[in-house]
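Peer 1: Chain order of the listed sequences is V and S. For the first sequence, position 43 matches number 43 in the numbering used here, and the numbering has no gaps at all. Numbers in the numbering used here are just positions in the second sequence, counted from 1, shifted up by 274.
Every clue listed holds true.
Only pairs whose alpha carbons sit at most 16 Å apart, straight line, appear in this in silico EDC-like list of lysine to aspartate or glutamate: (1) LYS488/S with GLU178/V; (2) LYS424/S with GLU71/V; (3) LYS376/S with ASP354/S; (4) LYS184/V with ASP477/S.
Bear in mind the hints are in silico, worked out from the structure with no lab data behind them. In this text the structure is predicted, and so the values were computed from the model without any measurement.
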Amino acid sequence: MLVEEKMKTNNFLVVVTDLEFLDLNVNSSIHFLFPVLGYSVGFPKTFSFAEIKVPHSYLYINRILENESIETLKKKLMSCSNENIVGICFSDLGVYQIVKELGLNFQLFYMQNHSTTNVHSINYYLEYVDSVLVSTDITREEIDAILHHASKPLIVPFFALVDAMYSRRKLLSNFQEEFELEKKCEEVLHESISQNEFRAIENEYGTILYANKYIDYRNIIHPNILYYYINPLGLDKKTLLKVIQGEEILEICDSGFLDRKTYYRLKEGEGWKK
Amino acid sequence: MEKVELLAPAGDLERLKFSLLYGADAVYCAGKVYGLRANANNFSLEEMEEGVTFAHRLGKKVYVTVNILFHDEETKGLDDYLKALDRIGIDAIIASDILVMKRVLELGVKFEVHVSTQASILNKEAALFYKTLGVTRIVLAREASLEDIKEIKKATGLEIECFVHGAMCTSFSGRCVLSNYCTNRDSNRGGCAQICRWMFSIDDVLEPFSMTPKDLNLIQYISRMIDAGVNSFKVEGRMRGIYYIATVILVYRRVFDLILTNNLRDCDVQYYLGVLNRVANRESTAQFIEHLPGKEEQYFLGREEVSNQDFLGLVLSYDEESRMATIEERNYFQLGDVVQFFGPSIETFSYQVQEIFDENGEPLEVANHPKMIIKLKVNTKLHPYDMMRIKVFDKPNLL
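So that you can see chain V by itself, here it is in the shape it has in the complex (with noise of 0.2 Å):
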């Protein structure tokens, strides 16, 4: 299947990190997810409840949340009124019970992108909730494993930065303060010895260092997909343009795990035997 009748067929959920972007929705295909003010990291803009103006939209909360936040989003889901949220992302679980202890008639996508390696889990995670962000940790042959046995249909990469690391620490502050450095809230930091990048953004609820290319998983194609996320942070709307209709920006992009199996144990050989 083309790509481009991938877009009649599929949808695409796009993390609202320009406003520019907003224009796309003339395509119905396209929902955004926005990451939400004071309950998102390591988006440089987040937004209230009622700067959501866009149909059919989706609350991206990605932190972990502590008592207060967790108090505080439940009073304000709560008094929500605004018609065009209709679903949350979201990685901390407090959020599932919350909604579920509310009554609340969202739809609920569980996107804790490094706990979504198995089928076994994402099945019983898809007993709580409507669908579930498959992880980029894993190879292509895992993926396709998961999208043939998976009980719902899911929820995959397409296109987008991938968090590689989640910290509470205000890493780029502190950096700052130390060396008496000009306040900055992104930067790309540079690991000499395997040669990787990593983007940092930081706001007050942490830092979150992103591998620097974008994953293309655009070539993945199966009919248990709801829904193709995309994470274009730093992208134009151009550029967007040109990744949703499959053309090849190869300098800014790699395929990430899919053809990179990870391995753990040092010694080959060892495992659990019967």
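Guided by the hints, dock chain S onto chain V, whose structure is given.
Peer 2: Frame of chain V; chain S shown alone:
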């Protein structure tokens, strides 16, 4: 007051025994699979069974980490492994993947489930979610504040476990795959290469810097944590040696006992803090317990990691008649040195080395070969597993 537990790391069977003998109420360890220290020695099922028998004989507990985030290829042996742990009689597993929690429910095994710190729980609602999965204990994220601990305990009634001592991740545990990117080693399956301790640079800015956090040390907060409802106080360090484990666990044991008898004085805390700092190879701070850590709680440039050589010897046996202790030497000492003996069933005391004998009773001037067997005449009764170290601090007088 609910029972308070001191929980110690056990990287292998020897360390399990030291942890328990030096005052831990429970230990946590991993089998050869499914733990986040994939390249540590860990336990075969036979060793684990021996460890469980040893612990239960002392009235203590063994928890097993099954806390990786599974890929499909690891899931195949999980049920068999859980059943094997059940047969051995472990007391609980520590899990982070929902798959493990659900399988425990479905298999009907007897042990309890504790939610790992890998699940990054910082609020009562997330804890309540896990309560619906039948777990009995939450290991909170190291980022939890005293206020969060108190509220989670009050709202859930679950047992609360908190790390109080040892190394910290820069990230929330479970939320970092830097290792995957930089080394291809999967941090969430036990392969973490500790990339956050590597050096990074920003274009045109200074020299490379690290993001390494200083270690965690909450010895001064134990009373307040007990009041907040913490049930289990966990020491990190399954890769650490027996001297570190014995020292740290004994310090916390003594502090707990002083707190529980209302006898803890500031001079005790200062003394024990000194002992803990001496055995550590990095600086430590209280990290998140009262406020968000800032620049003082981490290292930026090359840090000094000190190799500790205070551990002089391990007592193997003691002959009460001749008052002769047989000791396995660990670091150099010589005639005239002032040392300390410490152990789980003795009060720490100082001792000046006046005579050293080899195994055959021949006099020596120095003990200078690691693991050599020497004998010392010591008037105070010693026991196997007691240790000898360089004397660094004077212990405060007893009440």
